[in-house]
Amino acid sequence: MKSHLFRMKYLLAGIYIICVLFTCFNARFYHTPLAKISSVTEKETMSRKGTRDAEEHYYTQKITARILNGTHKGEEISISNEYTSSQVQNQKYHKGDTVLLSGSRENPGKSIRSIKRDGYLALLAGGLFFLLICITGKQGFYTIISLILNTIIFVFGFQAFMKGENILNICNVIAFLFSVTTLICLNGIHRKTWASVISTICVLFLIMALFEFSIQFFGDLDYSNLEYLGSMSNSADIFWTDIMLTGLGAIMDVAVTISAATGEIVRKNPDVSLRKLIHSGREIGYDIMGTMINVLLFVLTSGMIPMFILKMNNEIRFITIIRYHIPYDICRFLIESIGIVLAIPVSVFISSIIMKLPSLKRSDKK
Amino acid sequence: MIIFLALVLIILMILIGGERGAVSLMTLAGNIVILFISILLMSIGFPALLLILAAGAGVCYNSLFYQNGNNPKTRAAFLATLLVMLLLFIPIYLIIWRSGSYGLNELQLSEDDFMYYYSTDIHINMLHVAVFVTVFSTLGAVIDTALSVTSSVYEVWTHKNSLTAKELTSSGYQVGKEIIGTTVNTLLFAYLGGSILLFAYVQTQQYNLEIILNSKFLFQDVAIMLSGAIACLFTVPVSIRCVIRQIHHATSETDHS
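As they're listed, the protein sequences go chains A and B. Sequence positions in the first sequence follow my numbering and run 715 to 1080. Sequence positions in the second sequence follow my numbering and run 3 to 259.
Keep in mind the hints are simulated off the structure, nothing from the lab. A hint or two may mislead.
What the hints assert, rightly or not - For the chain A half of the interface with chain B, some residues (derived, Cβ under 7 Å), not all of them: (1) Thr-765; (2) Gln-805; (3) Leu-814; (4) Ile-859; (5) Ile-862; (6) Asp-967; (7) Val-1009; (8) Ile-1058.
Claimed, not checked - Stretch-level coverage of chain B by chain A, calculated; a stretch enters the list once three of its residues show a Cβ under 8 Å from a Cβ in chain A: (9) 73-79; (10) 208-215.
Stated by the list, open to error - DSBU-like mimics (lysine-lysine), calculated; alpha carbons at most 35 Å apart, straight line: (11) A:Lys-787 x B:Lys-168; (12) B:Lys-162 x A:Lys-763; (13) A:Lys-1025 x A:Lys-806; (14) A:Lys-757 x B:Lys-162; (15) A:Lys-990 x B:Lys-179; (16) A:Lys-809 x A:Lys-824; (17) A:Lys-723 x B:Lys-168; (18) B:Lys-162 x A:Lys-852; (19) A:Lys-824 x B:Lys-162; (20) A:Lys-776 x A:Lys-806; (21) A:Lys-1070 x A:Lys-990; (22) A:Lys-723 x A:Lys-757; (23) B:Lys-162 x A:Lys-1070; (24) B:Lys-162 x A:Lys-990.
Quick caveat: nothing in here was measured; it's all calculated off a predicted structure. By construction, the Cβ of each residue, glycine as well, lies at the ideal position given by its N, Cα and C atoms.
All chains should be modelled from the sequences, with the hints used to inform the complete structure.
Structure below.
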């Protein structure tokens, strides 16, 4: 048994390495022209005073690259690239980078479109899957299945949205599907799974009602500063979905933890009273509340840091950014945190009742 | 509206959590303050790589010792978090550097604000800022995992002092298995939810699949999500080691006295 598992790990490691290597050499399947940079020379062209009176240096790179696919395969081209020392807009290229060119297969063009990043994507995603199976075994396998299923559901929902269906209806359906698939994958079909599904949906309903309520009473947010808005007209609806899905994972996390714990207590001591069950459920809830909110804080806020830095160096005051540029992010964070906090009493209550149901029925019969 | 929501959160935390809710609230406020101070420092040109260490240790200290008190569990979790951060710092740096996923992404650059109004000569190395962002976004999840693992292993040990290191390790892995699944899904949903607008925007721009797969806007966010999940996975064995070492430390101390 042990050696079987060991061999399995080697097999997986082999598959992982092959996948990563494949993405390094998949140039022939690309329709976009690719080139590998073989040499780079650079020189400083100018320097000028930037913000905060700091000296900003401008460099020009002369890049020689070999084309990897298309009709010009094997030919060398020379490209020039300009970058600045802070590399906000454009970046420095290094020898050995594979890049996508801006032209077509027949006519590769003379400028770089972006670095080829799919190899790194495969490296990270494969690394995650490999480690999941290595460290958590069978459970990791189910986690991967839940991740894949959720992504598929998301893609389907998104396609339906793009076809013009009402986004709010889709969102309700996929939020339900998300919670059911994730919880079944992670817990199996079990009574505590249904307890966590019901509590997740109740909490979602509560926070969305709260959101709606605060919109009704305090006025809607002004969505015109929302990032990536583009030509979307129904920004309020999209933001609604955004809020609903972002916190779903965290709320499920709380619900699963609490229902698993109450299930365990009932299993060890079937005669525990409902009051005592609720009490110990709450004890567990306090433990995870603070850390879960912190998880969300760091995941949601750290992505905004580069934007903050750029704007603050362009004489936009800190307070202005908070008031006009990121109210959505603050609002999202607050709603999700409220969801986490609410999830504790709701799931303690629901899972206690569901876990105790059979014994209550039995006592009725007696 | 935001003030109203913040008030609701504060009241709920205190109502539901009682005294410990108030402590969590203070920890949260402390972390937000640390985050703001580090943003301010970075924007006046303080080196971001140094800040990772300082602010990271500050956040760990705040969320572990202030929230949960100074005991072997939190000491082990603190050690484990710092170790995981140091361990993952180099691969994160390398991947971000080689994949060039720092600075503004393609979509942000095509917005009018950045094309015409803002000066981008800010003399701050965006590579270092991107490393800071990635390490920091994993921090919350790592602390969460580390604390769950160390506290449950420690609980098991206090109930049954005779357990060997091997048995403790296997019980630690058992706990790790149970929390990793939901943590990974938490990260996935946080990413999916936040990216709906991005996906809708990309769809209207008619990019082809190759460009999307290799683009910076996809990679930046996905890399944050994946490295967060990987960091959590690394945390499980590291924090088991740390807590067992702490337990040995505690037992040898009591033996001496």
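Taking the hints in turn, this is what the structure says about them:
no., hint, result
1, Thr-765, "5 Å, holds"
2, Gln-805, "5 Å, holds"
3, Leu-814, "6 Å, holds"
4, Ile-859, "10 Å, violated"
5, Ile-862, "10 Å, violated"
6, Asp-967, "4 Å, holds"
7, Val-1009, "4 Å, holds"
8, Ile-1058, "6 Å, holds"
9, 73-79, "violated (count 0)"
10, 208-215, "holds (count 4)"
11, A:Lys-787 x B:Lys-168, "57 Å, violated"
12, B:Lys-162 x A:Lys-763, "66 Å, violated"
13, A:Lys-1025 x A:Lys-806, "23 Å, holds"
14, A:Lys-757 x B:Lys-162, "67 Å, violated"
15, A:Lys-990 x B:Lys-179, "28 Å, holds"
16, A:Lys-809 x A:Lys-824, "17 Å, holds"
17, A:Lys-723 x B:Lys-168, "21 Å, holds"
18, B:Lys-162 x A:Lys-852, "27 Å, holds"
19, A:Lys-824 x B:Lys-162, "69 Å, violated"
20, A:Lys-776 x A:Lys-806, "11 Å, holds"
21, A:Lys-1070 x A:Lys-990, "12 Å, holds"
22, A:Lys-723 x A:Lys-757, "48 Å, violated"
23, B:Lys-162 x A:Lys-1070, "29 Å, holds"
24, B:Lys-162 x A:Lys-990, "24 Å, holds"
Hint violations for this structure: numbers 4, 5, 9, 11, 12, 14, 19 and 22, all remaining hints satisfied.
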